[in-house]
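Protein chains in written order, with UniProt numbering: chain A, 1 to 210; chain B, 1 to 210; chain C, 1 to 210; chain D, 1 to 210; chain E, 1 to 210; chain F, 1 to 210.
Among the clues, some could well be false.
Pairs count within a copy or across copies, as identical chains cannot be separated in the list.
[Unchecked claim] Each computed EDC-like pair below joins lysine to aspartate or glutamate, with the alpha-carbon atoms no more than 20 Å apart:
(1) 66 to 154
(2) 132 to 154
(3) 132 to 49
(4) 136 to 154
(5) 132 to 48
(6) 66 to 195
(7) 200 to 182
(8) 201 to 186
(9) 132 to 186
(10) 135 to 48
Rather than coming from a laboratory, the hints here were simulated on the basis of the structure.
6 protein chains.
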Amino acid sequence: MIFPIFFTFSLLLSSSLASVKDFCIANYKSPEGPAGYSCKKPAKVTVDDFVYSGLGIPGNTTNIFKSAVTPAFAAQFPGVNGLGISFARLDLAVGGVMPLHTHPRGSEILLVAQGTIIAGFISSANNTVYRKTLKKGDIMAIPQGLLHFQVNGDKTPALAFVSFSSPSPGLQILDLALFQNDLPTELIAQTTVLDAAQIKKLKGVLGGTN
Amino acid sequence: MIFPIFFTFSLLLSSSLASVKDFCIANYKSPEGPAGYSCKKPAKVTVDDFVYSGLGIPGNTTNIFKSAVTPAFAAQFPGVNGLGISFARLDLAVGGVMPLHTHPRGSEILLVAQGTIIAGFISSANNTVYRKTLKKGDIMAIPQGLLHFQVNGDKTPALAFVSFSSPSPGLQILDLALFQNDLPTELIAQTTVLDAAQIKKLKGVLGGTN
Amino acid sequence: MIFPIFFTFSLLLSSSLASVKDFCIANYKSPEGPAGYSCKKPAKVTVDDFVYSGLGIPGNTTNIFKSAVTPAFAAQFPGVNGLGISFARLDLAVGGVMPLHTHPRGSEILLVAQGTIIAGFISSANNTVYRKTLKKGDIMAIPQGLLHFQVNGDKTPALAFVSFSSPSPGLQILDLALFQNDLPTELIAQTTVLDAAQIKKLKGVLGGTN
Amino acid sequence: MIFPIFFTFSLLLSSSLASVKDFCIANYKSPEGPAGYSCKKPAKVTVDDFVYSGLGIPGNTTNIFKSAVTPAFAAQFPGVNGLGISFARLDLAVGGVMPLHTHPRGSEILLVAQGTIIAGFISSANNTVYRKTLKKGDIMAIPQGLLHFQVNGDKTPALAFVSFSSPSPGLQILDLALFQNDLPTELIAQTTVLDAAQIKKLKGVLGGTN
Amino acid sequence: MIFPIFFTFSLLLSSSLASVKDFCIANYKSPEGPAGYSCKKPAKVTVDDFVYSGLGIPGNTTNIFKSAVTPAFAAQFPGVNGLGISFARLDLAVGGVMPLHTHPRGSEILLVAQGTIIAGFISSANNTVYRKTLKKGDIMAIPQGLLHFQVNGDKTPALAFVSFSSPSPGLQILDLALFQNDLPTELIAQTTVLDAAQIKKLKGVLGGTN
Amino acid sequence: MIFPIFFTFSLLLSSSLASVKDFCIANYKSPEGPAGYSCKKPAKVTVDDFVYSGLGIPGNTTNIFKSAVTPAFAAQFPGVNGLGISFARLDLAVGGVMPLHTHPRGSEILLVAQGTIIAGFISSANNTVYRKTLKKGDIMAIPQGLLHFQVNGDKTPALAFVSFSSPSPGLQILDLALFQNDLPTELIAQTTVLDAAQIKKLKGVLGGTN
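Isolated chain A, as found in the complex:
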């Protein structure tokens, strides 16, 4: 009795394959386009393509900033390719700092999961600073592309999770952009009004040349 019903039911969709693109798991071996990576063939997709466990592991904060960023962007987490969203983990040891940086292609929401964090961003309109000490459970919105920072001013380590409005928001850390490449000292001085001595010192610290 039941079987015939099921049999005819499969006719509801007149086309044999009503395939639709619910997702586009990144295939890192195929060509990439302006909208992201090529898609893995649906038949090979498993639930593990949608799950990322890398953010469960504390980042190594043994560095000059006592902080660590662990991204789960499309380049690390194939499941977000094409979905308009991504995630990251931010560890701040005591005294830790996430230095001034921007995300060129995405807005951000910061969630404090542990400790307290001083977070702020600088508007482009008139350089106004919007800054606040956030406690556990607070979220803060950081508009796309604006310079912002996070600082752990407390006596215990802090942990935050960060979400972005793009699968590939990008991360441009100001210090590294200025001092960890071969941009000549003179050109940096011209385009920042920083003193040459200051620039050379930081190039030394961060590995820049020229």
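With chain A held as given, fit chains B, C, D, E and F onto it using these hints.
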């Protein structure tokens, strides 16, 4: 006299090839990306890539719902790839029903071409139902992603055409999503508050397991 | 027994108002923005805001082109405001013509509902014409912004429905753009290489001045 | 010495007001449009417009599902208006369930902050279920508009945070959409193949009429 | 002293490769998709991919319109692929005319760099002509998809640069679309109300057939 | 004879008002939304709303950077509101510098109109600098949100015009963001690793406090 004019005219475009991407006919054999299928080479494109005749054929309504959906999404109709639009045909026999479903990636306009159709959708704001009996020539807008249905409550067959704001709007039919896969009965019961007996019955009808 | 369950259930949403913008019915009296009309207050929205019956009425084809376009764009049909889609009806009497035109902000799918229609568009890449005689039930995709036309070359009236990938796709009819305004004859001649006599004749027919 | 430099520096921007729209804090009293709420005047914006503390408070899980969703969408959190992103908190008591639901206008990333959560979604392509037990620190991507659920199958309460690719992703809970409104029992039965008795029972539990 | 600091600093990013897609230089040999060309591998990208010198060369205006367009669209300038912007150069000799045309996929800003230019566009709303004589340094905005023209009415050559809101805005020149292909004279006459003699004459001038 | 034809022709559009939104001239007095300013009423729009002459005037370069930026963003040029494009003028005196800056919401094309300009941007992927000396007529693409600069290294003044892929791309000048507000010196030091003395010096130059 005329010839020289034509000859020099071809110089208007200084670049020998001002090629632009007017369209991107789906090439089903190349890798797919988040924005859709790769494009067929323009030189191989013909008018037939832009025309689809499959919607001229009535769908087979000999099934439990007495209805049939015939999609002309990018997966079936290569001409709409990348264009932000697609189409489908809906046949409802007497007593026919297009069961509750959503289109995860597109808004819809329903056009009644024959007969009358009771159509409705459920808003997410406060579960309000917007429902009306549509007559031939009426159109109804169904916002993206919301549950909706169509029923032929009349004594003659009904025919509708449906347009979407995406070349791949998707189609998730509630009954099939719940009862035509291996989602365990207990988990369905937990996440829907339906009785286990009801779930098992419908799994039987629709071919689900577990 | 049941009442307490329901009572506590309403707590599932911790926020008293999980309002979301499922739709944005056009309020023609409020200011319009780049994304469309302001939204009618949700409490005043009824199902009739989502339904449009104007396309059920044949357009008046008693005119020079023996054709009529009846749009259901956001300006006429408030329900599509913000939804990324709109619709129109096209009546072509015997010998009727929808003259060359573009939709500046949307791609189109044309559905032949009655009769046969010769439809075509001109690509911008190298002026290739993609043209075909469509029969009832055929659909044709017309990429955004390209010049296209529809002609009834048959012996019976034709009817088509047209869908667009925008709530406000626009409609620029070439003849009216050229000959139904005050663009000086000399300037038209310069920018089209048409003869002045031809221009003046058509300005006369279509009501243009200068 | 310094003063003159500063004085002339303000001339870098030739326009006196290079105002740009870094953000658009929701002004709930002005008309809303398809892209979101009108913007609060920049001069009145403070850092508190960008910070939301409501997610730091556990939701009340004393209800039939032993769960609570606390949204920070644009309707609750004015700072995300126009930014393409939003957030929410999900509390699941022991045995708690977030019933089957969709977000009509956004993809989601789920972060397990405490406990373990069985999460899954159902693809529209062929009703495949992608399901996994997530542990603390895991994230899972849920593509836009697809049915999904979360269940706490463990012996301790679970807590998750959820991010969306839209400031107003919407939330349509299947049970409430079906059983907490005035959709007639017969119509539900027709469009879901559920038994009328089952429908009536759940309408009773959830407060539906008809 | 410095070395250890630098060494540990590299740990700031926990993921070894925080690669992000800042750009997608067009790789003309890989498949193209709806969002543009595939991306060249980042390691092979040089500054020359972002620079285009072709617009520094005057176009050849020895043609019927005494004008020349030199595009720097994604098809010519690989650096703009995926960036939402492109450029072009327009040379108008004395008496030169850029005939009526549209850009199907982009709005335009015209900058007069030399001489004066009469520029205008025709709105679709009611065929209103917005027309003005622009002098050196003036810019004019032309909304997407609308018919527009530029004329040098002065006694010296004019030069303009044009920017578009798309890497592939397209360029459909009315005269070429009508008269430089195999669209039959009778069909053009029907869909434009131009006289057959006029059409044949211009087909002769511009190389059309049929 | 002609009159009747024209008379009936007006029936081609069955709807009396086929109004479409070709443009949305900014009305600075109405509320602004996430997509831009409210629209001026079409009846009040004139060609002057689409033309901006402010870029024809050299900016005042008598300042510390010997440079001047003159924006024609939606805030200054109402005609680009909603069109996805804007423009600016950049004057660089001999030795002039446009200091490091970003546009948070748009990609850029730089056109050298006079003189030579050293232009460069820093990628976020690995801090690679893409830098080149551009001559008159060269264009350079700068991807969205990345730090970039322009320097006149030549012996004559330089002039450039800049186009953006947004009507409100924003402009965040690094020096002003760091040193022209009340961000405390200590916090800047923490989040940039610059020396406090350096910071205080530049705050003095640029007018910052704290």
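| message | Reference check for the pair residue 132 and residue 49, CA-CA at most 20 Å: within, between, both, or neither? | response | between (37 Å within a copy, 11 Å between copies)
| Can you tell me if residue 200 and residue 182 fall within 20 Å by alpha carbon in one copy, between copies, both or neither? | This pair counts as within: shortest intra-copy Cα distance 12 Å, inter-copy 27 Å.
| said: I want to check one pair: residue 66 and residue 195. Are their C-alpha atoms no more than 20 Å apart within a copy, between two copies, both, or neither? | reply: Classified as between: cross-chain Cα gap 18 Å, same-chain 26 Å, threshold 20 Å.
| Within, between, both or neither: residue 201, residue 186 at alpha-carbon 20 Å | both (13 Å within a copy, 18 Å between copies)
| task | Indicate which option fits the pair residue 135, residue 48 if close means a Cα-Cα distance not exceeding 20 Å: within, between, both or neither. | result | between (33 Å within a copy, 13 Å between copies)
| Using 20 Å as the alpha-carbon threshold, which applies to residue 136 and residue 154: within, between, both, or neither? | So residue 136 and residue 154 pass the 20 Å test inside one copy only (12 Å; across, 24 Å).
| field | Homo-oligomer pair classification [residue 48, residue 132; C-alpha up to 20 Å] | value | For residue 132 and residue 48, only the inter-copy Cα distance (8 Å) is at most 20 Å; the intra-copy one is 37 Å.
| How do residue 132 and residue 154 come out at 20 Å by Cα distance, when the copy is not named: within, between, both, or neither? | within (13 Å within a copy, 36 Å between copies)
| said: As a check of your reading, is residue 66 near residue 154 (CA-CA no more than 20 Å) within one copy, between copies, both or neither? | reply: within (13 Å within a copy, 35 Å between copies)
| request: Using 20 Å as the alpha carbon limit, work out where residue 132 and residue 186 are close: within a copy, between copies, both or neither. | output: For residue 132 and residue 186, only the inter-copy Cα distance (15 Å) is at most 20 Å; the intra-copy one is 36 Å.
Taken one by one, the earlier hints all hold for this structure without exception.
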